[in-house]
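If you want the building blocks of each chain, they are given just below.
2 protein chains.
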Amino acid sequence: MAQKPSIPKGTRDFNPEQVAKRNYIFDTIRGAFKIFGFQPIETPSFENSSTLMGKYGDEGDRLIFKILNSGDYLSKANEQAYSEKDSTKLTSSISEKALRYDLTVPFARYVVQRQNEIEFPFKRYQIQPVWRADRPQKGRFREFFQCDADVVGSKSLWQEVEFIQLYDAVFSALKLEGITIKINNRKILSGIAEVIGASDKLIDFTVALDKLDKIGDEKVKEEMRSKGISDDGISKLQPLFALSGSFNSQIENLKGILNTSEAGKKGIEELEFINNAINELGLSTAALELDVTLARGLNYYTGAIFEVAAPKTVKMGSIGGGGRYDDLTGIFGLNDVSGVGISFGLDRIYLVLDELGLFPETVTNNVEVLFINFGEKEALFSLKAIKQLRSHGINTELYPDAAKMKKQMNYANKRNIPFVILVGEEEINSKKYTLKNMQSGVQAKISIDELIHKLK
Amino acid sequence: MAQKPSIPKGTRDFNPEQVAKRNYIFDTIRGAFKIFGFQPIETPSFENSSTLMGKYGDEGDRLIFKILNSGDYLSKANEQAYSEKDSTKLTSSISEKALRYDLTVPFARYVVQRQNEIEFPFKRYQIQPVWRADRPQKGRFREFFQCDADVVGSKSLWQEVEFIQLYDAVFSALKLEGITIKINNRKILSGIAEVIGASDKLIDFTVALDKLDKIGDEKVKEEMRSKGISDDGISKLQPLFALSGSFNSQIENLKGILNTSEAGKKGIEELEFINNAINELGLSTAALELDVTLARGLNYYTGAIFEVAAPKTVKMGSIGGGGRYDDLTGIFGLNDVSGVGISFGLDRIYLVLDELGLFPETVTNNVEVLFINFGEKEALFSLKAIKQLRSHGINTELYPDAAKMKKQMNYANKRNIPFVILVGEEEINSKKYTLKNMQSGVQAKISIDELIHKLK
Numbered sequence: 001m002a003q004k005p006s007i008p009k010g011t012r013d014f015n016p017e018q019v020a021k022r023n024y025i026f027d028t029i030r031g032a033f034k035i036f037g038f039q040p041i042e043t044p045s046f047e048n049s050s051t052l053m054g055k056y057g058d059e060g061d062r063l064i065f066k067i068l069n070s071g072d073y074l075s076k077a078n079e080q081a082y083s084e085k086d087s088t089k090l091t092s093s094i095s096e097k098a099l100r101y102d103l104t105v106p107f108a109r110y111v112v113q114r115q116n117e118i119e120f121p122f123k124r125y126q127i128q129p130v131w132r133a134d135r136p137q138k139g140r141f142r143e144f145f146q147c148d149a150d151v152v153g154s155k156s157l158w159q160e161v162e163f164i165q166l167y168d169a170v171f172s173a174l175k176l177e178g179i180t181i182k183i184n185n186r187k188i189l190s191g192i193a194e195v196i197g198a199s200d201k202l203i204d205f206t207v208a209l210d211k212l213d214k215i216g217d218e219k220v221k222e223e224m225r226s227k228g229i230s231d232d233g234i235s236k237l238q239p240l241f242a243l244s245g246s247f248n249s250q251i252e253n254l255k256g257i258l259n260t261s262e263a264g265k266k267g268i269e270e271l272e273f274i275n276n277a278i279n280e281l282g283l284s285t286a287a288l289e290l291d292v293t294l295a296r297g298l299n300y301y302t303g304a305i306f307e308v309a310a311p312k313t314v315k316m317g318s319i320g321g322g323g324r325y326d327d328l329t330g331i332f333g334l335n336d337v338s339g340v341g342i343s344f345g346l347d348r349i350y351l352v353l354d355e356l357g358l359f360p361e362t363v364t365n366n367v368e369v370l371f372i373n374f375g376e377k378e379a380l381f382s383l384k385a386i387k388q389l390r391s392h393g394i395n396t397e398l399y400p401d402a403a404k405m406k407k408q409m410n411y412a413n414k415r416n417i418p419f420v421i422l423v424g425e426e427e428i429n430s431k432k433y434t435l436k437n438m439q440s441g442v443q444a445k446i447s448i449d450e451l452i453h454k455l456k
Numbered sequence: 001m002a003q004k005p006s007i008p009k010g011t012r013d014f015n016p017e018q019v020a021k022r023n024y025i026f027d028t029i030r031g032a033f034k035i036f037g038f039q040p041i042e043t044p045s046f047e048n049s050s051t052l053m054g055k056y057g058d059e060g061d062r063l064i065f066k067i068l069n070s071g072d073y074l075s076k077a078n079e080q081a082y083s084e085k086d087s088t089k090l091t092s093s094i095s096e097k098a099l100r101y102d103l104t105v106p107f108a109r110y111v112v113q114r115q116n117e118i119e120f121p122f123k124r125y126q127i128q129p130v131w132r133a134d135r136p137q138k139g140r141f142r143e144f145f146q147c148d149a150d151v152v153g154s155k156s157l158w159q160e161v162e163f164i165q166l167y168d169a170v171f172s173a174l175k176l177e178g179i180t181i182k183i184n185n186r187k188i189l190s191g192i193a194e195v196i197g198a199s200d201k202l203i204d205f206t207v208a209l210d211k212l213d214k215i216g217d218e219k220v221k222e223e224m225r226s227k228g229i230s231d232d233g234i235s236k237l238q239p240l241f242a243l244s245g246s247f248n249s250q251i252e253n254l255k256g257i258l259n260t261s262e263a264g265k266k267g268i269e270e271l272e273f274i275n276n277a278i279n280e281l282g283l284s285t286a287a288l289e290l291d292v293t294l295a296r297g298l299n300y301y302t303g304a305i306f307e308v309a310a311p312k313t314v315k316m317g318s319i320g321g322g323g324r325y326d327d328l329t330g331i332f333g334l335n336d337v338s339g340v341g342i343s344f345g346l347d348r349i350y351l352v353l354d355e356l357g358l359f360p361e362t363v364t365n366n367v368e369v370l371f372i373n374f375g376e377k378e379a380l381f382s383l384k385a386i387k388q389l390r391s392h393g394i395n396t397e398l399y400p401d402a403a404k405m406k407k408q409m410n411y412a413n414k415r416n417i418p419f420v421i422l423v424g425e426e427e428i429n430s431k432k433y434t435l436k437n438m439q440s441g442v443q444a445k446i447s448i449d450e451l452i453h454k455l456k
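As they're listed, the protein sequences go chains A and B. So the first sequence is numbered by the working numbering: it starts at 1 and just counts up by one. So the second sequence is numbered by the working numbering: it starts at 1 and just counts up by one.
Be aware that one or more of the hints could be misleading.
Because identical chains cannot be distinguished in the list, a pair is counted as satisfied if it fits within a single copy or across any two copies.
To be verified - Mimicking PhoX-like on lysine-lysine, the simulated pairs with C-alpha atoms at most 25 Å apart in a straight line are:
id, residue 1, residue 2
1, 55, 4
2, 89, 76
3, 175, 387
4, 456, 432
5, 34, 21
6, 34, 456
7, 436, 387
8, 182, 384
9, 21, 175
10, 445, 155
In short, the hints are calculated from the structure, not lab data.
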C-alpha cells in the first residue's frame, strides 16, 4: 500500500538551496574556528543514557530522546514499573541510549575519557546536530545544529578576549554588520546579590533583573519583593536600574555599588581587563556592550557571560552565546578544569541573513553550464568537452535524454543554470560550441579553450 | 557521584586528526558531486517509523533504532501486547519514530513528498550518518556516514557512464590509483536464470554464482544442484564459469549463452553501450571490468549493478557500490520513476588511504604558528600581530597563559605546530618578531610583513 509520506513534527528536510545556504554559514564559522586555532572533534549521535540524564535538570531529562533497546527489550523491564505502568520509572530499564541534547556534555565526557591523550589547553570546535523533544514552534526544532568552540584547561582571560574577536570575525565575514556582543560576569551578579543580602536568592534575583527591558523597573522591584528580597536591598539596587551609557561609565557605577563585595570586585576587574584589551585590539564590525542584566545559563557559568544580539533592524532573539564554567568535567570525575566557550545559533543566523538579503548570489549557483542533448553521437561528443570543463573545476551537466529542445531549455531555466551549450552536426564538424547566455539570450560560437577560459 | 565515562558500543568519537582526515574524503567526494552537477539535500535523522519499517526486510526492521515516545508513553501502549509482554508487538504503540537506516528510503520519501517542486531529472547527493543496530565488529559500526549520489527521472544510460566517470574522478583525486569498477546488469542475471530454466530461483542461483571466486566451480554447481537447479541447466552454464578476459570477449561469450533471452540480450546491449562510451572517453586511474557474478542488492536493482574494489595490494571489501532501480518511489505511491545511483564507503576508504599512506600531510596541519606568552604586555602586543596574521588566513594561536617557556614549547611540539614566535621586551621595541622553526630549531628576527609573507 502506498503511504502518503511526511516527516516527524519539529524536523525538516533541506532542499538544495537551503543546504547551500546553511553550508555557507557552516563553512564561514568553521573557517574562523580554524584560523583561531580550534581543532574539530565529533562525538556519537547517541550516548549512554547515564552520560546525559541528570545533567540538564528535570525538564531537560524529559526533553531527551530515548532510544528503545533492541531485541526483546521487555525481558529486562523493571517489573515493578511494568506492573504499575509507570512510564517514567520504566524507561531506564528498556532504554540504555539517548540522543545527544547538546554538545557540551558530550564534550565534557570526551575530555574526561581522553584526558591522557589531550594536550591542554584544549581548543576544540564541534559542529553537529542535537535533538530535543521540545514543543515545536516557529524557529524551534526537534533537530538542529549547534556550532560550539570551547577552550578547557586554562583560566586565562585572553580567551574571553579571543572569543569576542572570534564573534566579530565570523559575523564580519558573513557581512552581518552591526551585531552587539553583550557581556556580563557571573561574579557581578553574585556580588550584587551579596550586597543586597540576597545571596541565597541569586536565581530569583537575576530572573527578575533579566526582565528589566521588558517590564520596567517598578515591576522588577515588585517581583523581587514577592520573592522575599528586602526593601532595603532593593533600594541599594537603584543605581543598577539607571545603569546605561558607555562600558566604562557602567563599570564606574558598579564599582560604587560593589565596593564591599570581593566577588563583585573580581568581576569588575575581569570585565575591565577584557574591555581594555578589546579597545586596544579593535573590532571590525561588532560592538561590545556591558549588560548587567545578562544572566543566561546562570547555573552553569562562573565567570564571563556572552550573548550576541542581531542588528537592531531585525527582530530576533540572541544569535549566539556562551561563557566561562569552572567545573564542567567534575560531573565525570575530573575536577578543576576551567573552560570557556561560545556557540553560534545557526537557524537564527540563517533567518537574519535571509531577511537582510546577505547570502551571496553565488552560494546557490550549482551548475554553471548544461549541454543540450541532441542524440547519441552529439552526447558522446559533448561528454568529451564536459570532461575537460570538469577537470578545470567547472560544474557541468549533460541533459541525460535527447528530449525536446524546449523541455531541456526549460530545465536549465528552472534550475537557474546560467549557460547552455548546443552541440549539433555543425558543431561537431567545426569543433566550435554554441554557447547561449540564458539571461541575455545571446549566442556565440567558441572553441573549447575559449569556453574553459570564459566559464572558469 | 562521578561516573566513569564511556560511549555506546559500535559508536565512535573522532579526534581532531581523524575529523580532518574524514573531512578530506568528504570534501573530495562533495567536490566531485558538485562538478558533475549533483545538488545536495538533507533529511531528518529520524523519520516516522511507518516510512522506514517494511522497506529493508525483516532483518532490516530489527536493525532499525526506534525512538521511545515522549511523556507517558505507556498510556497508549497496545494492551494485548502489554499484557503478553510481547516486545515486537508492543513497539509500534510506544515508538512512532526511528533513526534513518540508509539514505535511499528517505530520499525516495523526499522525492514523492516534493514531486511538484522538483525539476526532473533530479540529480541529488546526500552525505549524512545512518544508524543500524547491527552487531558491532571490525569495520562495522552502529553509526556511520553514507555518501550517495542518485539521479531520478531518466532512463538514460549516459548516467551509468557518468557514474563510472564520477568514481574515477573521486578516487583519482584521492590519489587512490588502481581501483576496479566492476559492472554487471540485473538483466544478464535474469537472462541466465531464464536460459537454464531457473527464473524462479534467481536469488538462489546468484547467491551460488557469487561464491565462484571463493569456492570454485564444482562447489558452486553442487550448491545449485542442492537448490533444485537441473543438471541440464547447469551444463548450459559451463561457458559462464570460464568467463574471463577482456570486457569485449566476455560480452561475446555472453551473446552465445543468452541468444534466446530477450532480457539477456537487452542487458548485453546496455553493457556494450556503457563500455563503448567509457572506451571513447577514457578513465584517469580506474579500470572498468565486467563481472557477471556481481549480484549485490538483487532485490532492488533492475539494470546496471556497480561495485568498486580497492587496489589489489590492499585487503578490503568493496569501497563503493550502486546500480539502477526502476521503482524506488513506488513504495510511496509515485510510480515509473527510474533512478540510478552510487555510494561511497567512507570508513573503508579511510582505512585504505591510511594503510597506503595517501592522506596528504597538510590535511592534519591545524595551527601554523603559536605565539609564546611572556606576560600581559607581550600578549597584547602579540594579539595585534595575531590579528593581522589571521586576517591573511594564517591559523594562529596565542598560548593563553604566561607559563614556563618549556611548557609552552612542549605544547607546540605535541600539537605539531611548525612555527613559534617569541615576543619579549626587545621584540616590542624593535618591532621585529623572533620566529623559530620547530623542526630545524633555526631562529630568525623578522618584521610582520615578512612573517605574513613567509607563513602564507
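Hints, verified against the model:
1. Taking the shortest alpha-carbon separations for residue 55 and residue 4, only the inter-copy value of 15 Å comes in at or below 25 Å, while the best intra-copy value is 39 Å.
2. In the homo-oligomer, the alpha carbons of residue 89 and residue 76 lie at most 25 Å apart both inside one protomer (13 Å) and across protomers (16 Å), since each shortest distance falls under that limit.
3. Taking CA atoms no more than 25 Å apart as the test, residue 175 paired with residue 387 passes between copies only; the shortest distance there is 18 Å, against 36 Å inside one copy.
4. For the identical chains of this complex, residue 456 and residue 432 are intra-copy neighbours only, at 18 Å inside a copy versus 41 Å across copies, given an alpha-carbon limit of 25 Å.
5. Proximity of residue 34 and residue 21 under a CA criterion of 25 Å is satisfied in both settings, with 20 Å inside one chain copy and 15 Å between copies.
6. When the C-alpha separation of residue 34 and residue 456 is checked against a cutoff of 25 Å, the pair qualifies only between copies, where the shortest distance is 15 Å, while the shortest distance within a copy is 28 Å.
7. When the C-alpha separation of residue 436 and residue 387 is checked against a cutoff of 25 Å, the pair qualifies only within one copy, where the shortest distance is 19 Å, while the shortest distance between copies is 46 Å.
8. For the homomeric pair residue 182 and residue 384, the shortest alpha-carbon distance between copies (23 Å) is at most 25 Å, but the shortest distance inside one copy (57 Å) is not.
9. Taking the shortest Cα distances, residue 21 and residue 175 sit within 25 Å of each other inside one copy (14 Å), while across copies they are farther apart (30 Å).
10. In the homo-oligomer, the alpha carbons of residue 445 and residue 155 never lie at most 25 Å apart, since the shortest distance is 66 Å inside one protomer and 31 Å across protomers.
Hint compliance for this structure: hint 10 is the single one not met.
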